[in-house]
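K.L.:
Here are the chains, one letter per residue:
Number of protein chains: 2
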Amino acid sequence: MKITILGCYAATPRTFTNPTSQVLELNNEYYLIDCGEATQVQLRKSKIKFSRINHVFISHLHGDHFYGLIGLVSTFMLLNRTNDLHIYGPKGIKEIILLQLKYSNSYTGYQLIFHELENTESEVILDNEKVTVTTIPLNHRVYTNGFLFTEKIKYRKLNLAALDEYNIEKCYFQKIKNGSDITLENGQLISNATLTFDPEPPQSYAFCSDTVYDEKIIEIIKNVDVLYHESTFLETEVALAEKTKHCTAQQAALIAQKAKVKNLLLGHFSTRYTNIELFKTEAETIFKNVHLANDGKVFEF
Amino acid sequence: MKITILGCYAATPRTFTNPTSQVLELNNEYYLIDCGEATQVQLRKSKIKFSRINHVFISHLHGDHFYGLIGLVSTFMLLNRTNDLHIYGPKGIKEIILLQLKYSNSYTGYQLIFHELENTESEVILDNEKVTVTTIPLNHRVYTNGFLFTEKIKYRKLNLAALDEYNIEKCYFQKIKNGSDITLENGQLISNATLTFDPEPPQSYAFCSDTVYDEKIIEIIKNVDVLYHESTFLETEVALAEKTKHCTAQQAALIAQKAKVKNLLLGHFSTRYTNIELFKTEAETIFKNVHLANDGKVFEF
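Chains as they are written, first to last, in numbering that gives the first Met the number 0: chain A, 0 to 300; chain B, 0 to 300.
Source of the hints: derived by calculation from the structure; they are not laboratory data. Relax, there's no trap hidden among the hints.
Part of the chain A face toward chain B, derived, beta carbon under 10 Å: (1) Gly62; (2) Ser103; (3) Ser105.
Between beta-carbon pairs, the in silico distance windows are: (4) Lys44/A / Lys174/B: 51 to 61 Å; (5) Thr81/B / Thr119/A: 31 to 41 Å; (6) Leu77/A / Asn27/B: 35 to 45 Å; (7) Lys101/B / Asn118/A: 13 to 23 Å; (8) Glu299/A / Lys242/B: 38 to 48 Å; (9) Lys44/A / Lys90/B: 31 to 41 Å.
Glycine is no exception: its CB is placed at the ideal position from the N, C-alpha and C atoms.
Please take these sequences and the hints and turn them into a complete structure.
P.N.:
Spelled out as structure tokens, the structure:
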């Protein structure tokens, strides 16, 4: 699992900080999560191929999470994209994008498929051979979802020495990876367990931004490998966090602890703080494996 | 007159190039012209005070000319702006901005005043003690206007030596700048011509982007001090220019020559060209005073 942070700051883009956007690479697929203004420029800086992005997830309709989407949709058009683009986001996202395309007299040469969300209960919104994506209803000033990405069980790993010993031809490898036993030409049955090792356990990633401290999400994100949780403020601003429906680093750490996640990734920092290391220090008083997002940073778990 | 180029490239923002936006400073007032994605970041880089911007002019509703407007409107809100903001642009701009504010459940604390344009004939859209702004109807793929900024006649310049000689008190200076004669306490009339010099001649700036080669604009922009004219392509791509309703550097120079402007500023370069100096070379075969826009560049005329 690879997470590329394109932007992780709250509110307004500045010379050296960008609003929320990140790319999750999981099971060889790319998922763009949120798309603040100028996300397409951040994608270029991170050298992420535009054509690899087929699914975009928008948490909520505050500008620092989606103002870059129309620009990306337009650029895909200029690049003569042909692949379908799936956009998952709150009801309204379709109207906003299509209105702007209408006035610019532009039509995408590719299919733009909107999956508008209105449900306040957790639901599966994408389920294929690679991944299951489930919403995490969040408590913010407008309708907001986090997203839980759970990798599908991977193929079994080939035991090359055993395959060699039984002289098994390459054309059977995929079948074996899928878990099949093999019958040799002499009639001998070789069990799959002899020919393979257990696969890597599937990984999971939970993205939770923006939200007030809310223990309701714990059940959904329990035991995930990585939790990205917003921490707009430090505890010194806990009252402001509550008022604006955001979290402090300590509150994010509490959620991580209670949900027994393996790693906590903090982001969505208010631009009022000049030293974001303070977020790590604060969270580490509660939870051990804390990582700090920063624009352009890449995490591999 | 000072022109700060925030972005001057066509189509899509990239790591080191920005879509169209510029700030004109004329007679001590700031005018933002076009507002491509991430214009607010370019404003910060150019250290232009956000609070100085009270008038925004949008030429047309292609993304590279207005996708940054909603972000700027939102940031003004976060900065607790109180001044009115006037937005001049094609019909539709109001619907696009208000729809996004509605879904983000946001209301600006300042007045957002839209002046939607539909007229295909040139018209005065702003006229006050500082400036007259007139539309320049352009011929592009969607409804488009350029903008002609004409400074009002300035105050007469004080002849300090003469004022001193007649012992004229400071409280009369503004009246004298306005052109009044003065009667001394002894009854002697001192003519304004004795006390002042002629003011600097008022300056004018014409912004023309995007447009196909169109001699109809010549009458409107005649003799301006500075003409910004789009030159998306070089003559080698003249057929493509015609097809996409853009201009070449040579065509822009022809317009400059026929309109007898004093200076030609070229911009809106296609990102296909790696050496924009070629635009200057091509235009100079027709017209002498050619300047090349570039992101972050400041021109004073």
